[in-house]
Amino acid sequence: LAKTTQPISMDSYEGQEVNITCSHNNIATNDYITWYQQFPSQGPRFIIQGYKTKVTNEVASLFIPADRKSSTLSLPRVSLSDTAVYYCLVGDGAAGNKLTFGGGTRVLVKP
Amino acid sequence: DTAVSQTPKYLVTQMGNDKSIKCEQNLGHDTMYWYKQDSKKFLKIMFSYNNKELIINETVPNRFSPKSPDKAHLNLHINSLELGDSAVYFCASSQLGSGANVLTFGAGSRLTVL
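Just so you know, the protein sequences line up as chains A and B, in that order.
Numbered by our numbering, the letters in the first sequence go through residues 1 to 111 in order.
Numbered by our numbering, the letters in the second sequence go through residues 112 to 225 in order.
Calculated from the structure, these hints are not laboratory results.
Mixed in with the good hints, there may be bad ones.
[To be verified] If you want a taste of the chain A side facing chain B, the calculated C-beta under 10 Å gives, among others:
hint	residue
1	F101
2	R106
3	L108
[Stated by the list, open to error] A partial selection of chain B residues facing chain A, derived with a Cβ cut-off under 10 Å:
hint	residue
4	V115
5	V123
6	M126
7	K152
8	T215
We put the CB at the ideal spot given by N, CA and C, even for glycine.
So here's chain A without its partners, still in its complex pose (with noise of 0.2 Å):
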């Protein structure tokens, strides 16, 4: 199952963009990357999934290189309420896919 590495927190300011890269050095060929916000006292929540290039939807984006061990969720930006843990996860969607959160990035928006 690919690890994921994430930086243990970042800071920002409102209106900013936020970058977090997440690394996946042993990405399988079948894998796809997953995104995941969390508040505190809530269950994470999906924000965005991609397999290669550029996926956007209507709060973030992602990028994925070509060889797709790394992957960078985008946050345009950035409001007080974006203050959260983002968690990263790979996995391939079959059945026994043990989809495991690594620590995630903790983003404090900063007024």
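Based on these hints, arrange chain B on the given structure of chain A.
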């Protein structure tokens, strides 16, 4: 309407007691999970069921016993509770396939063992 609901949200009990946490999902998903989040905020998978069949059973003490009466429900029973069991337990569900990495989590059940 809540997609994945867990009860109770808070549970405070004494060491040695037995307790259960219930989980229900109304998303029509075929796979359900139990995760444990400790004080350091690491989320660790404990169990996973697919269509009522146990498919993931991580290294969890035998005191923890999941039960899935149908694919919309996954309950967790814990016997002889210990201090180290104090954590937040999250139930989640997904649909196997390309969306299988897309888990929908419940709000969590915070268990405190005194």
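Verification of the supplied hints:
Interface hint status for F101(A): upheld, as the beta-carbon distance to the closest one in chain B is roughly 4 Å, under 10 Å. Using the Cβ-Cβ criterion of 10 Å, the hint placing R106(A) at the interface with chain B is satisfied: the shortest such distance is roughly 9 Å. Taking 10 Å as the C-beta contact cut-off toward chain B, the hint placing L108(A) at the interface is violated, the least distance being around 14 Å. For V115(B), the interface hint holds, since its Cβ comes within 10 Å of a Cβ in chain A; the closest pair sits about 8 Å apart.
Hint status for V123(B): violated, given a least beta-carbon distance of 16 Å to chain A, over 10 Å. A hinted interface residue such as M126(B) counts as satisfied when its beta carbon comes closer than 10 Å to some beta carbon of chain A; here the least separation is about 25 Å, so the hint is violated. For K152(B), the shortest C-beta to C-beta distance to chain A is roughly 7 Å, which falls under 10 Å, so the interface hint holds. Interface hint at T215(B): satisfied, since its Cβ lies 7 Å from the closest Cβ of chain A, which is below the 10 Å cut-off.
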